[in-house]
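Peer 1: All chains should be modelled from the sequences, with the hints used to inform the complete structure.
According to my numbering, the sequence shown holds residues 29 to 589 in order.
In case anyone wonders, no lab produced these hints; they're calculated from the structure.
If you're wondering where the values come from, they're calculated on a predicted model, not measured in any experiment.
In this text, a Cβ means the ideal position worked out from N, Cα and C, and glycines have one as well.
Among the clues, some could well be false.
Below, simulated DSS-like cross-link-like pairs (lysine-lysine); rule was C-alpha separation at most 27 Å, straight line [as the list claims (entries may be wrong)]:
id: 1; residue 1: Lys332; residue 2: Lys413
id: 2; residue 1: Lys481; residue 2: Lys135
id: 3; residue 1: Lys392; residue 2: Lys413
id: 4; residue 1: Lys214; residue 2: Lys30
Using C-beta positions, here's what the derived DEER-type ranges look like [unchecked claim]:
id: 5; residue 1: Asp355; residue 2: Ala96; range: 57 to 65 Å
id: 6; residue 1: Thr130; residue 2: Asp100; range: 22 to 30 Å
id: 7; residue 1: Thr250; residue 2: Lys332; range: 40 to 48 Å
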Amino acid sequence: MKSELATLITSGLQKLVAEDVLRVMPDVTPQIDHPKDTAHGDLSCNIAMVLAKQAKISPRDLATQLIAALPDNTLIERTDIAGPGFINFFIRASQHTAVIGTILEAKDQYGRCDIGRGRRVQVEFVSANPTGPLHVGHGRGAAIGDSLGRLLTATGWSVQREFYYNDAGQQINNLALSVQARAKGKGPEDPEWPVDGYRGEYIQDVATAYQAGDTVHAADRTITADGDLNNLDAIQAFSVACLRREQDQDLRSFSVLFDRYFLESSLYESGAVATTVRALEDNGHTYADQEALWLKTTDFGDDKDRVMRKRDGGYTYFLPDVAYHHDKWQRGFERVINEQGADHHSTITRVRAGLQGLDVGIPKGWPEYVLHQMVTVMRDGSEVKLSKRAGSYVTLRDLIEWVGCDATRFFLVARAPTSQLTFDIDLALARSNENPVYYIQYAHARCASLLLKAETLLGDEGVMAGLPHVDTLTEPETLGLIINLARFPDVVVAAAERLEPHDVANYLRQVAADFHSFYNAHKILDAAPDTALARLALVAATQQVIASGLDLLGVSAPEAM
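Peer 2: Dropping the structure here:
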């Protein structure tokens, strides 16, 4: 509908050029939006305010002339001009109801498009250190990242999902020392416990498995413990494999799958890190000072230069990130989107600076970042801070066991990533309208129940039997629901372009509210036959949109509750 209106507006502008109201055809696309208040129309456009200066008349006068210049059409019922020159468009009811047929014919393809045209995009998310169970912050990253992948797929991009394992560095060494200490019978209170050791009970589980000679299958490798408590390298390899397996199991139970796992250690084994250093040196973007090697990140917008190789010869944490992202570029991804916690904010400028320093044609704003804020878990009005298994934080597995996968995913993605999130366990368990995921899923289940009861009435044609009668759907509650269903493709595109999956969650709440209002205001099965058929077609269209929207968030659409 937006594209049809844009075509009409463009035709009107061409007429104004022919009439010398405008000197030249403007090189702008009419921006068309849905007004927040439906009393202001179904669609609005600010083009008169954009072009008023060129026309040398007031925006309201230009809006008046543009409305008069619009060609005859069956789309617009009426218009009005608001404020400084917004043009509000009221769409004919017959145009609204036509979307019911569009949805029923397209089925689960409704809302999908080919804006991406098959171009390649990688979404990297979670990317946790394999040193412990996934915490709720990782869970938020998983929910957002996977939903981004679903949105990009729905808009025509060829998406690869990747998990980057930080399996090198001091934290991994601390993990091995912690498991070794547990295996030797020492606990966190022991004076010989590693200074930065991990204290959760999972460390004991890994130590016990190592001593028993267990075999662990973790994505790309299988490792059997040799049980030697003095072989720290073997303990480290086994411990990493154990925790990689546990993280993978948690993510699978969260309906999150990855196309590729990338190990930080492989960057050292392949020589990619050393090659990156040489390239930055050869390009003149480094210098030595105080026995360290520095990268001139200030040449690329950073507030100060950064150490990339320390005095002891070890690399700072952002250098392998530069090597890793160079590898992504070499793999041919037009876009790379990193979903990470907000604590990674400081690395953005450094990684991009390093990539620019390689002088291989990487765009300045590459890669893109979506950063999420922290999650606070509440129960009975108090913050939940500890998990027995993890020792110091609430795990993703805890949330899934407490409230289920659907509620966990929806709650973690339902707010903008830039906002801190309070996860209310009691609300997530509530079977009430206040619980958004229950409210939305109940709307879907109610649709399914109505259609099941109506099988005899619908006959062989099914819900399509109602399409010849949809012009009878003129009540305010009914049209409100229909208009919202028509917005779904625009919502999907906007959420994908802005990388904001919470827009879909908010939209689904609106659709559910509109459906419940429609359901409560009107008889469906007991209405006059033609009206009943038309309303059932609307019910089926609503069910399809809710199911498709929930799928974009990785949430199920139950047919009974």
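Peer 1: Determine for every hint whether it applies to the structure shown.
Peer 2: Hints versus structure:
1. Lys332 - Lys413: Violated - the C-alpha atoms of Lys413 and Lys332 are around 37 Å apart, more than 27 Å.
2. Lys481 - Lys135: 21 Å, holds
3. Lys392 - Lys413: Judged against 27 Å, a Cα distance of about 40 Å means the pair is violated.
4. Lys214 - Lys30: 67 Å, violated
5. Asp355 - Ala96: 57 to 65 Å: 59 Å, holds
6. Thr130 - Asp100: 22 to 30 Å: 23 Å, holds
7. Thr250 - Lys332: 40 to 48 Å: 45 Å, holds
Of the numbered hints stated above, those contradicted by the structure are hints 1, 3, 4, listed in ascending order.
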